[in-house]
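Residue numbers (my numbering), protein chains in the order written: chain A, 1 to 422; chain C, 1 to 312.
Incorrect hints may have been included.
[Said to hold, decoys possible] Some chain C residues near chain A, calculated using beta-carbon distances under 7 Å:
(1) E14
(2) S25
(3) I29
(4) T31
(5) L101
(6) I107
(7) V135
(8) I173
(9) T293
[Said to hold, decoys possible] Subject to a maximum C-alpha distance of 27 Å in a straight line, what follows is the list of computed DSSO-like cross-link-like pairs (lysine-lysine):
(10) C:K11 x A:K300
(11) C:K122 x A:K300
(12) C:K305 x C:K122
(13) A:K164 x A:K104
(14) A:K98 x A:K87
(15) A:K175 x A:K104
(16) C:K122 x A:K416
(17) A:K235 x C:K11
(18) A:K107 x A:K175
(19) A:K417 x C:K122
(20) C:K211 x A:K7
(21) A:K107 x A:K164
(22) A:K164 x A:K102
(23) A:K102 x A:K83
(24) A:K164 x A:K83
(25) A:K417 x A:K300
(26) C:K211 x C:K305
(27) C:K306 x A:K235
(28) A:K300 x C:K305
(29) A:K87 x A:K164
(30) A:K83 x A:K104
(31) A:K147 x A:K102
(32) C:K211 x A:K11
(33) C:K306 x A:K300
(34) C:K211 x A:K10
(35) A:K98 x A:K164
(36) A:K175 x A:K98
(37) C:K305 x A:K235
Honestly, the hints are just simulated from the structure, not real lab data.
For glycine and all other residues, C-beta sits at the position ideal for the given N, C-alpha and C.
Residues per chain are reported as follows:
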Amino acid sequence: MTDTEQKMLKKRHRAERRFRLYGIAAIALALLMLGSIFVSLIVMGHSAFRQTEVSLPIVFDADIIYGDGERNRQALYGADYQKLARKALRVVFPDVSKRRDKRKLNKLLSPGAEFELRDMVLADPAIIGQTLQVALPVSDDVDMYVKGQIDTNLAENERQLGDKQIGWIDTLTAKGLVELRFNIRFFTGGDSREPEMAGILGAVKGSFYTLLVCFGLAFPIGVLSSIYLEAFAPKNRITDFIEININNLAAVPSIVFGLLGLAVFLNFMGLPRSAPLVGGMVLALMTLPTIIIAARSALKAVPPSIFQAALGLGATRMQAVFHHVLPLAMPGIMTGAIIGLAQALGETAPLLMIGMIAFIVDIPASVVDPATTLPVQIFIWADSPERAFVAKTAAGILVLLAFLIIMNLSAVILRKKFERRW
Amino acid sequence: MYVTLSPARRKIVEGVILWILILSSTIAILTTIGIIASLLFESVRFFESVPVTDFLFGLQWSPQIAIRADQVGSSGAFGALPLLAGTLLISAIAMIVAAPLGLMAAIYLAEYASRNVRNVVKPILEILAGIPTVVYGFFAALVLGPMLRGAGDGAGIEISSESALAAGLAMGIMIIPLVSSLSDDVIRAVPQSLREGSLGLGGTQSETIRKVVLAAALPGIVGAMLLATSRAIGETMIVVMAAGLSANLTANPLEAVTTVTVQIVTLLTGDQEFDSPKTLAAFALGLMLFAVTLVLNMIALRVVKKYREKYD
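Just chain A, with the same shape it has in the complex (with noise of 0.2 Å):
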């Protein structure tokens, strides 16, 4: 060999080399979007999950509660429990006495602490008249100086607390009362404006009854219709022009469905905004290509000798399907249907267009109950300026990931298991 062959053929070597690791580093770099994407997440999320409580000897005492009125349950209702916890702090802070420092005082705690006492008395009104120790939630900006994300360092005109309301904190911590613990709220609750009280328990609901409409819609007309396209259908026109239907509706923007929603759903037909019945039925359109597309492809790996077998012992063309070739095909139908119900979960922009952005407190308990799912829940924390709801929306993310995964781990096991090899 020449010279200038050998040189040539190292220079070959080097391109290859190089070609090589331009493969390595595009999938390194895509690894390590997904793992930046995921850390990031939990660096963010993970102090959601716990709230800060201070607890507080709240005197349960019975002129606050029912005042002059009359000393029935439903006085319960409308007291004023904000006054117990007010006068707790004010024991444990005897010498703050201006005006505006027992209000910066009373800012510590959570605007949903009265609702905490309330939901205590409703559920035991033998505790009006005792003092008891009630481990109450405090403000978001309370809940962030003690997990450590505000700056103390700058000036207090810029900081969301205090330099006396900081003192009181270091006072309760001093004490002992105040506390970080598991943030049940955040599982148990429906949505707030106020960060502390924010849960996601109403979204997920929503969700549920969402998916459970898409389900009941889309499972069984997707397998109908692939049944049809599979097995019964005439090669013609019309079922070409189903299949090329079918093709181009998995590839058309969600948006556009949200749209149909809202032309034909809502205005045209009148259904309620922001029920997950509508969205369900939006998002059993979106993820009807989806299961139809899956559905095919188990039905087609069923061989056909199962089919003819059982024509040829006199079974109708209708018994051998759904008698011999659908249960055998059922696996990969169930494994497509999840994989596209994971799909309709994290599904936002469709269900904005059709209303279930409200802002939504109550839990709902129906189809038609006015909800949103745990993305557009998602995406309105992430929207929303108190600082606290970054956290609480990362939260949220990890919550709706553990649900994705779930999902498709079930898929994954559903296809291992019944996987079959003809």
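Given the coordinates of chain A, assemble chain C onto it according to the supplied hints.
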């Protein structure tokens, strides 16, 4: 479970079932008709108050004016070009990220990686496709946006915190698995004999890939890129959360731009009467979006199909 029926009865029952099956299959057609009809119907009403040419070629987009002034004759500006430009800018950034990364990942997985590596890496990459778009939006708005801004501050360049770049990057990450799995399919569809021919003549593996495999797979890869672009154009949540609202006609990725989908969401999530040009404009934008993505998909499917027939 198995009901016994007389043959005559069975015929009737099965006839009914067959019709149910046929009806189910028509839902797909009905959906398409519903989409086209509702978009067209509302768009026509929109074009009664705003001329089509103003919408398609206008350079001003400021629908808010229409709400403020209810007087006759003063309607807002509904020129969609800045929105289209913004959409294309962000999609282009996304494709600049996703095309090389996705394609190189696909090449490596299809041609170089051992079966074990492939079995592990491929599903992990697919996770990127399974992450809901709202998560990418959050990531773009709260991580990428501030990060780019900080980097810009350090380098003395002003980068808007709602820059097209942040939204485009996040969208690019989202599309990587789409590009790589579609490209993977077409690369693996190239017959082995072509590779062996090239290797037998002394080509290195990378030369074989670049000059033979990719050349043969080119139509399919182009199709994959078109599908990915259509996906980027129709993407909503990332841009709603990370891109801006003001319609800037600019090609500078460091500035804030808005997109067609962002405007649809903004126009329709407020509370306003349904007949105002403002809400109807959303349907006109939807029609535009639907038409553009449909055409892209049709071209992509045709390109891919044509290519497949060559070797099968």
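field: 27 Å Cα cutoff - pair A:K107, A:K164
entry: With a Cα-Cα distance of about 12 Å, the restraint between A:K107 and A:K164 holds, given a limit of 27 Å.
- prompt: With 7 Å as the cut and Cβ atoms as the points, is C:T293 at the interface with chain A?
  reply: holds (6 Å)
message: Please verify whether C:K211 and C:K305 have alpha carbons no more than 27 Å apart.
response: holds (22 Å)
- prompt: Would the hint on C:L101 stand, with a C-beta cut-off of 7 Å toward chain A?
  reply: holds (5 Å)
task: Go through the hint on C:E14 and say holds or violated, using the shortest Cβ distance to chain A against 7 Å.
output: holds (4 Å)
- request: Decide if the proposed pair is consistent with the structure: A:K102 and A:K83, CA atoms, cutoff 27 Å inclusive.
  value: Satisfied, since the Cα-Cα distance of roughly 12 Å is no more than 27 Å.
- request: Starting from C:K305, check that the Cα of A:K235 is at most 27 Å away, please.
  value: holds (19 Å)
- prompt: Would the pair A:K164 and A:K83 pass a check requiring their Cα atoms to be no farther apart than 27 Å?
  reply: holds (21 Å)
task: Could you grab the alpha-carbon distance between C:K122 and A:K300 and see if it respects the 27 Å cut-off?
output: Given that 27 Å is the threshold and the Cα spacing comes to 25 Å, the pair holds.
Pair hint outcome, A:K417 versus A:K300 [Cα-Cα no greater than 27 Å]: holds (19 Å)
- request: Take the C-alpha atoms of C:K305 and C:K122, compute the straight-line distance between them, and say whether it is at most 27 Å.
  value: holds (24 Å)
- prompt: Does A:K98 pair with A:K164 here, judged by a C-alpha cut-off of 27 Å?
  reply: Given pair A:K98, A:K164 holds - Cα atoms ~12 Å apart, limit 27 Å.
Comparing the model with each earlier hint shows no violations; every hint is respected.
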